[in-house]
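K.L.:
Using the sequences provided together with the hints, build the complete structure.
Sequences listed follow chains A and B, in order. By the count of our numbering, the first sequence reaches residue 132 at its end, each step adding exactly one. By the count of our numbering, the second sequence reaches residue 596 at its end, each step adding exactly one.
Derived by calculation from the structure, the hints in this document are not laboratory data. Because the structure is a prediction, the values reported are computed rather than measured. Glycine included, each C-beta is placed from N, C-alpha and C at the ideal position. Please note that a few of the clues may not be correct.
[Stated by the list, open to error] Restricting the straight-line Cα-Cα distance to at most 20 Å, the calculated cross-link-like pairs of lysine to aspartate or glutamate (EDC-like) are:
1) Lys374/B to Glu94/A
2) Lys30/A to Glu382/B
3) Lys27/A to Asp405/B
4) Lys33/A to Asp405/B
5) Lys33/A to Glu382/B
6) Lys62/A to Glu382/B
[What the hints assert, rightly or not] A few chain A residues that don't get close to chain B, going by computed Cβ distances all over 10 Å:
7) Gly9
8) Glu18
9) Asp20
10) Lys27
11) Gln35
12) Glu40
13) Ile48
14) Met78
15) Lys98
16) Phe105
17) Gln123
18) Lys128
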Amino acid sequence: MEGLRVLFVDDEEDFRETIVKRLKARKIQAMGAESGIRALEIVKDNDFDVIVLDVKMPGMDGIETLRHIKQMKPEIEVIMLTGHASVEFGLKGMQLGAFDYVMKPAPLTELLDTINQAWNKKRGLH
Amino acid sequence: MGRKYSRLWWRYFLAIIGFSVIPFLFVHLSLSTLFDRIYTARVTESLRTSVENRRDAIDLFLNERITQLFTVANTATFPELTDEAALGRLLGILRARSDYYTDISIIDREGNHLASAGTDHDLLKSANSRNEPWFNEVRAKGIHIGDLCTAHRTSPHATIAVMVRDKKSPLILRVSLNPKGINDLVQQAWTGTIGDAFLVNSKNRLQTVPRFGGEFLTAPTLSRSAAGSSEPVLYPDLSSTVKTRVEQLSLGGTNVFLAAAPLRNTGWVLVLKQNRDEILSPLVKGRYWMALLTALGLAVIAAGAALFTNGLINRIRETDRENAAKSDMLLQANKMIALSKMAANVAHEVNNPLASISETAGWLQDLLAADDLAASPNFAEFKDSVEKIEHHVERARKIIHNLLGFARRIEPAREDFDINNLLDETTGLLENEARYANIRIDKQYADNVPVITSDLSQIQQVVLNLLNNAIDAIGSNGTITVGSHFLEQNDTVEMWVADSGKGIPEEELDKIFEPFFTTKAVGKGTGLGLSIAHGIIEKLGGTMRVQSKAGEGTVFTITLPKN
Chain A
7 MEGLRVLFVD
17 DEEDFRETIV
27 KRLKARKIQA
37 MGAESGIRAL
47 EIVKDNDFDV
57 IVLDVKMPGM
67 DGIETLRHIK
77 QMKPEIEVIM
87 LTGHASVEFG
97 LKGMQLGAFD
107 YVMKPAPLTE
117 LLDTINQAWN
127 KKRGLH
Chain B
34 MGRKYSRLWW
44 RYFLAIIGFS
54 VIPFLFVHLS
64 LSTLFDRIYT
74 ARVTESLRTS
84 VENRRDAIDL
94 FLNERITQLF
104 TVANTATFPE
114 LTDEAALGRL
124 LGILRARSDY
134 YTDISIIDRE
144 GNHLASAGTD
154 HDLLKSANSR
164 NEPWFNEVRA
174 KGIHIGDLCT
184 AHRTSPHATI
194 AVMVRDKKSP
204 LILRVSLNPK
214 GINDLVQQAW
224 TGTIGDAFLV
234 NSKNRLQTVP
244 RFGGEFLTAP
254 TLSRSAAGSS
264 EPVLYPDLSS
274 TVKTRVEQLS
284 LGGTNVFLAA
294 APLRNTGWVL
304 VLKQNRDEIL
314 SPLVKGRYWM
324 ALLTALGLAV
334 IAAGAALFTN
344 GLINRIRETD
354 RENAAKSDML
364 LQANKMIALS
374 KMAANVAHEV
384 NNPLASISET
394 AGWLQDLLAA
404 DDLAASPNFA
414 EFKDSVEKIE
424 HHVERARKII
434 HNLLGFARRI
444 EPAREDFDIN
454 NLLDETTGLL
464 ENEARYANIR
474 IDKQYADNVP
484 VITSDLSQIQ
494 QVVLNLLNNA
504 IDAIGSNGTI
514 TVGSHFLEQN
524 DTVEMWVADS
534 GKGIPEEELD
544 KIFEPFFTTK
554 AVGKGTGLGL
564 SIAHGIIEKL
574 GGTMRVQSKA
584 GEGTVFTITL
594 PKN
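P.N.:
Written out as structure tokens, the structure reads:
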């Protein structure tokens, strides 16, 4: 997964930081963002292959953030991160152009699989 | 409860009775009054006709006599009339056809008796009639009919006198009649068993002897026995009657009809008496029948009202029961909604820290994979601990997953889902409870069960309810079998929950889906009654049935259409 650039957006700090660390350990260029606003700022200045977006965040939620990202850089693949109670947001995200959704808490392998598929799609490899 | 319905019963019953009986009685009373009046009018009319017919018959009788006398008087010669032997022959001729004549006399214009036949001649001869009222009347009018009297005779008799227009000097022909002819005519009006009839003269003296009491030539009275009183009762004075009349009055306590008609030839009045009760007996009988019919009608109304009220009250009772069941269902549904919201909140709040724990453990795993740590003396302990953390996070994750799956949505919905997954999720919620009770959960899923479209959460509730019941039925140590099956020919899926519990007695098996039926102690159970479960499945187009054998266990089978 070398060369893969991932932005992980989640308001839960411990969760976010740990995931970012684990992604980096797998040679992924991973960054974290604690809110939708922050994510948009980062996306404006940086290029990513895949963005993982939590749907439930204070302030701008995942769906809103997804809309902005898709306007700004439609080529970036987005994976929605949902709780079990908010699967419908995941589905809604997919209607708005997200690649897929993953229910949390999910084992990292599952998330990695999905990220990889999204990356493949972006590279036209699928 | 029972008193409320019984009071309601009486209220409706009396209202129906009131509204139907009052018009009924009103009709009955007005009809019977009308009938009464019409019948009385008919009776009065018939009495009037009766008395007039009888009066005409008597008048006719008297007219015949007068005609006979005129004929005799105007065909006999003077010597024949004054010769007693010839007069006797004349009397014989008269008597031959009319056996009423007792005697005949000829009187001159001075009032002297010239001759007579059929009577004591001497007694009559000595009497001069010049000053008597009848003598003057016959001289003035040419005819006189006298009241019945006993004058100069041994028995009552009536007299008729006519003028004989002789050329030399006028004579008066006078006969006396025995009362038999008139009596016969009057007595023909003694109708029924107590009908009476008699003649009175202008001074209200009896001219014929009535059937019940009263002496000849006295004022008419009703005898004690006929009047039913201690004293004879005097009739009202009808002697001055000039026109036929019919009256209804009380005579010594007895209601009677009196009809009176004046005779045309004399000052006599014919009186008819008829007992009211007797003459109106058809009316009384009619009233009796009417009362009987009314009583019958009232009985029918009462029975109908009772039947109708019974039906009505049963309907009300049924509706009340349904409403109670419905409100119970609503209460349960509200409870479920509150419960599911709480469960969703708890699950969500627990989910985030759990995700962090999971990832942190994952990071530790990552770190342990690095070579430098593998050499650490506690490497095995680290690895074991992290794996345990991950294992328990996974357990918690499953619990949350199941809890959310159960709580996700309560509102009716249609969505596609897999029956086997649903059974897995639902049994997952109760696995711990079952394990503590040493109950094994056996899964017998068919592989070919298709995805169905129905209300996932409602079906999940039903299955949860069945599983809870199964655990309760077993108590401890036993097996619950959960299974699924696809019925291709009907395009339906079947799932069942079987337990190895105590079973349900046959007599309770029929009632098991009825509201409020429970064998559990108060306060136990999931809150979802089997009746509600049954209702949910039926609403979704499926069926739910139960089979049970005491001592062997119970099987609940749910069938659902694929779509």
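K.L.:
Which earlier hints turn out false for this structure, listed by number in ascending order?
P.N.:
Result: hints 2, 5, 8, 9 and 10 break, sorted rising.
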